[in-house]
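Peer 1: This is what each chain is made of:
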Amino acid sequence: MASSEPVKFRPGDRVTVRVENPPTHYRTPLYVQGKTGLVNSFWGVFPNPESLAYGGAGTPKQPLYRVEFAQKDLWDNYKGRGTDKLMIDIYQHWLETAD
Amino acid sequence: MSSADQHNGHDGHDGHNHGNHAGYYSRRAEAIQALLIEKGICTLDDILRMADQIDSRTPEDGARIVARAWVDPEYKQRLLADPVSAIQELGYNLPETAPRLRVLENTENVHHLGVCTLCSCFPRAVIGRPPDWYKGLAYRSRVVVDPRGVMREFNTELDESVEVRVMDSSADMRYLVLPKRPDGSEGMSEEELASLVTLESMIGVTHAKSPSAAARQA
Chain B
40 MASSEPVKFR PGDRVTVRVE NPPTHYRTPL YVQGKTGLVN SFWGVFPNPE
90 SLAYGGAGTP KQPLYRVEFA QKDLWDNYKG RGTDKLMIDI YQHWLETAD
Chain L
164 MSSADQHNGH DGHDGHNHGN HAGYYSRRAE AIQALLIEKG ICTLDDILRM
214 ADQIDSRTPE DGARIVARAW VDPEYKQRLL ADPVSAIQEL GYNLPETAPR
264 LRVLENTENV HHLGVCTLCS CFPRAVIGRP PDWYKGLAYR SRVVVDPRGV
314 MREFNTELDE SVEVRVMDSS ADMRYLVLPK RPDGSEGMSE EELASLVTLE
364 SMIGVTHAKS PSAAARQA
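So the sequences go chain by chain: B and L. Counting in our numbering, the first sequence runs from 40 upward without gaps. Counting in our numbering, the second sequence runs from 164 upward without gaps.
Hints are not guaranteed to be accurate.
Okay, derived cross-link-like pairs now, DSSO-like style, lysine-lysine, Cα gap no bigger than 30 Å in a straight line [what the hints assert, rightly or not]:
{"id": "1", "chain 1": "B", "residue 1": "Lys118", "chain 2": "L", "residue 2": "Lys372"}
{"id": "2", "chain 1": "L", "residue 1": "Lys298", "chain 2": "L", "residue 2": "Lys239"}
{"id": "3", "chain 1": "L", "residue 1": "Lys298", "chain 2": "B", "residue 2": "Lys100"}
{"id": "4", "chain 1": "B", "residue 1": "Lys74", "chain 2": "B", "residue 2": "Lys118"}
{"id": "5", "chain 1": "B", "residue 1": "Lys100", "chain 2": "L", "residue 2": "Lys202"}
{"id": "6", "chain 1": "B", "residue 1": "Lys118", "chain 2": "L", "residue 2": "Lys343"}
{"id": "7", "chain 1": "B", "residue 1": "Lys118", "chain 2": "L", "residue 2": "Lys298"}
{"id": "8", "chain 1": "B", "residue 1": "Lys111", "chain 2": "L", "residue 2": "Lys343"}
Just a few of them, taken from the derived set where beta-carbon distance is under 10 Å, the chain L residues facing chain B [stated by the list, open to error]:
{"id": "9", "residue": "Lys202"}
{"id": "10", "residue": "Arg263"}
{"id": "11", "residue": "Leu267"}
{"id": "12", "residue": "His275"}
{"id": "13", "residue": "Thr280"}
{"id": "14", "residue": "Val307"}
{"id": "15", "residue": "Pro310"}
{"id": "16", "residue": "Val325"}
{"id": "17", "residue": "Glu326"}
{"id": "18", "residue": "Arg328"}
{"id": "19", "residue": "Val329"}
{"id": "20", "residue": "Ser333"}
{"id": "21", "residue": "Ala334"}
{"id": "22", "residue": "Asp335"}
{"id": "23", "residue": "Met336"}
Rather than coming from a laboratory, the hints here were simulated on the basis of the structure. Cβ coordinates follow ideal geometry from the N, Cα and C atoms, glycine included.
Could you build all of it, start to finish, from the sequences and the hints given here?
Peer 2: Printed below as a string of structure tokens:
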């Protein structure tokens with residue numbers, strides 16, 4: 040039976056993306072690493088792509104969330120409106136509860 | 164890029180095969196395909212079926228879906244709540260292997276646009292292959308930093324009052340943008356409305372065509 044990580048976050052939770060640069064395949068771009076945003080949606084659990092990429096089973100499966108960031112929190116001198124957002128899907132093992 | 168790329172230039176490593184300048188990438192794809200089959204990960208039939216499925220979808224399919232959502236508010240609600248079932252109503256069966264799908268609605272107040280900064284994730288199962296610029300480093304790196312500037316290069320100006328939401332599709336979800344129904348399109352038939360929906364507008368870098376612009380092009 041496929042094992043899954045327990046779901047830790049809910050929409051509205053403040054989360055910070057971990058800073059890591061493993062020498063392997065991963066799906067968390069550098070520009071959101073270390074940044075804090077809000078969980079926007081929970082999409083269910085999915086096989087971990089970091090395992091799938093090397094022929095693994097993707098277990099334990101990882102909860103996947105859409106996380107939204109204020110653009111002004113991502114970029115210095117962001118040119119758009121203060122409420123502009125960036126949304127991105129992040130697997131749970133890359134997220135920590137924000138301080 | 165890699166040294167293999169450089170070898171694909173004009174230094175003669177291609178030998179007699181100079182006509183085939185897709186060269187490096189097509190040979191690499193063929194090698195990966197051969198390995199996948201040899202290792203039993205998938206069959207040639209699987210690969211051909213998937214390619215056929217993607218090739219059978221075009222932006223016109225997306226335009227039908229969008230136009231239906233514009234004329235039928237209840238359909239739009241179903242499309243936003245459960246896109247796969249709503250698309251099925253119009254006769255499109257997404258393969259089970261297709262990534263999950265969400266639809267992002269553009270309104271007077273909110274404008275979404277899509278990108279995959281890591282590679283080229285795209286709702287292929289619904290609207291086929293992405294345009295080349297979508298896969299290019301320039302779009303992928305710039306649209307997240309300056310979405311309004313990139314849209315201006317697509318000749319699309321957004322009002323300051325509109326909130327821009329860039330959607331970086333990086334994982335198991337794919338996103339289709341439902342463009343805002345253009346002003347002046349009242350009274351148009353569903354088929355006429357579909358002709359206003361462009362691939363760019365379903366990525367979100369432009370609005371759907373205005374009826375007057377569409378008439379000028381006709």
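Peer 1: Please go over all the hints and tell whether each is borne out by the structure.
Peer 2: Hints and how they fare:
1. Distance check on the hinted pair: Lys118/B and Lys372/L sit about 26 Å apart at the alpha-carbon level, within 30 Å; holds.
2. Taking the CA atoms of Lys298/L and Lys239/L, the gap is near 29 Å; set against the 30 Å cutoff, the hint holds.
3. A threshold of 30 Å between alpha carbons decides the hint, and for Lys298/L with Lys100/B the separation of about 28 Å falls inside it, so the pair holds.
4. Taking the CA atoms of Lys74/B and Lys118/B, the gap is near 19 Å; set against the 30 Å cutoff, the hint holds.
5. For the hint linking Lys100/B to Lys202/L, the alpha-carbon distance of about 24 Å falls within 30 Å, and the restraint holds.
6. Distance hint between Lys118/B and Lys343/L is fulfilled; the C-alpha atoms sit about 24 Å from each other, no more than 30 Å.
7. Our distance criterion of 30 Å between C-alpha atoms is met by Lys118/B and Lys298/L, whose separation comes to about 24 Å.
8. For the given pair, Lys111/B sits about 26 Å from Lys343/L by alpha-carbon distance, which is consistent with the 30 Å threshold.
9. The interface hint given for Lys202/L holds, since its Cβ lies 9 Å from the closest Cβ of chain B, which is under the 10 Å cut-off.
10. The criterion of a C-beta within 10 Å of any C-beta in chain B is met by Arg263/L, whose closest approach is roughly 7 Å, and the hint holds.
11. Look at Leu267/L: its Cβ gets to within about 9 Å of chain B, closer than 10 Å, so that hint holds up.
12. Hint on His275/L holds. Least Cβ distance to chain B is approximately 8 Å, under the 10 Å limit.
13. The criterion of a C-beta within 10 Å of any C-beta in chain B is met by Thr280/L, whose closest approach is roughly 5 Å, and the hint holds.
14. Given the 10 Å rule on beta carbons, the hint for Val307/L holds: about 6 Å separates it from the nearest Cβ of chain B.
15. Below 10 Å, beta-carbon pairs count as interface contacts, and Pro310/L has one with chain B at about 7 Å; its hint therefore holds.
16. Using the Cβ-Cβ criterion of 10 Å, the hint placing Val325/L at the interface with chain B is satisfied: the shortest such distance is roughly 8 Å.
17. A least Cβ separation of about 5 Å between Glu326/L and chain B falls short of the 10 Å threshold, and the interface hint therefore holds.
18. Because the smallest distance between the Cβ of Arg328/L and any Cβ of chain B comes to about 5 Å, under 10 Å, the interface hint for this residue holds.
19. The beta carbon of Val329/L is positioned within 10 Å of a beta carbon in chain B (closest approach about 5 Å), and the interface hint is therefore held.
20. For Ser333/L, the shortest C-beta to C-beta distance to chain B is roughly 5 Å, which falls under 10 Å, so the interface hint holds.
21. The criterion of a C-beta within 10 Å of any C-beta in chain B is met by Ala334/L, whose closest approach is roughly 4 Å, and the hint holds.
22. Taking 10 Å as the C-beta cut-off, the interface hint given for Asp335/L holds, the closest approach to chain B being about 5 Å.
23. Using the Cβ-Cβ criterion of 10 Å, the hint placing Met336/L at the interface with chain B is satisfied: the shortest such distance is roughly 5 Å.
The structure shown violates none of the earlier numbered hints.
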